Amino acid sequence: MKELSLHVLDIAENSLRAGATEVEIKIVEDSKEDILSIEVKDNGSGMDDETAKKAIDPFFTTRTERKVGLGLPLLAQAAKATGGGIAIQSTPSKGTTVRAWFKKSHIDLQPLGDMAKTISALVALHPEVDFIYTHVKEDRVFCFSTKELKERLQEVPINNPLVIDWILRFLKESLNKLSGGA
Amino acid sequence: MGVIKSIEELEKIRDQARELINLRKDNENKTRIVVGMGTCGISAGAREVLMAILDEIKKRNLTDVVVTETGCIGMCRFEPLVDVIKPNQPKVTYVNVNPEKARQIVARHVVNNQVIDEWVIPNI
Chain L
1 MKELSLHVLD IAENSLRAGA TEVEIKIVED SKEDILSIEV KDNGSGMDDE
51 TAKKAIDPFF TTRTERKVGL GLPLLAQAAK ATGGGIAIQS TPSKGTTVRA
101 WFKKSHIDLQ PLGDMAKTIS ALVALHPEVD FIYTHVKEDR VFCFSTKELK
151 ERLQEVPINN PLVIDWILRF LKESLNKLSG GA
Chain Z
1 MGVIKSIEEL EKIRDQAREL INLRKDNENK TRIVVGMGTC GISAGAREVL
51 MAILDEIKKR NLTDVVVTET GCIGMCRFEP LVDVIKPNQP KVTYVNVNPE
101 KARQIVARHV VNNQVIDEWV IPNI
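Chains as they are written, first to last, in our numbering: chain L, 1 to 182; chain Z, 1 to 124.
Nothing false has been slipped in among the hints.
Partner residues are not named here, just some residues of chain L that face chain Z (Cβ under 7 Å, in silico):
1. Leu6
2. Asp10
3. Glu13
4. Ala124
5. Leu125
6. Pro161
7. Leu162
Treat the hints as calculated values from the structure; they're not laboratory data.
Here the structure is a predicted model, which means the values were calculated and not measured.
For glycine and all other residues, C-beta sits at the position ideal for the given N, C-alpha and C.
Looking at chain L on its own, in the form it has when it is part of the complex (with noise of 0.2 Å):
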């Protein structure tokens, strides 16, 4: 992966595939503390203790496709290499909470790249799941919902592609104000 954005995709989509109707994604960048966090929380079927504890073994799969399953395994990977971390919670048919940490001054920090795209392409294919992404940076809160505006947008689908777009423009434009650009 090239960039940290690139892997909240890659998670959320295993939430996705684990039938959750609600992820909420979370970006926390504090330099004071000198790190960085991705969270992804889903409320999708869960994993119990010992399937959780084997999720970021790059030779455990649930999948028959293939022998290897490596989302999470890179991720944490790409934490470590930081002198970050990674933790995985889960209940079954709860929900999982994926964490990871990186060490935000580290030269290997992958950069965080392009989150608009991550959450724009999350609502175009799943228009049925409710996304809610929070980015904290510094002192600066955004926070996105599709329950709003799916309220907003009555019958018109969230992932009709005018209304993408506008999502993808929003969240650009919003994360640029967060990082101080006009």
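Position chain Z against the provided structure of chain L, taking the given hints into account.
Frame of chain L; chain Z shown alone:
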């Protein structure tokens, strides 16, 4: 763009979208575009391919196209993979797609009905 201004814009877009939807309400003959979004697809560039497809659909005002995803199908080295399934026609799978190819797939195959043979893997 302030939040209030962009919400106003969203409502305009909603009304615009609604008119297009109403014209095609009973149309079951939709073309499906399926993008591979497994770990392999994403790391090979599937997100940019998806965004290019959605942008092209928007620019061309295509209302009879649905974009969905699939996971890893075991052909990781050919990712990003894109399937085009036209009504009553067999599935066509494009391999090693990039955003530029994706736009051409929409223009030439989805709109003009011409399969781009050199980018296709037959019969999978």
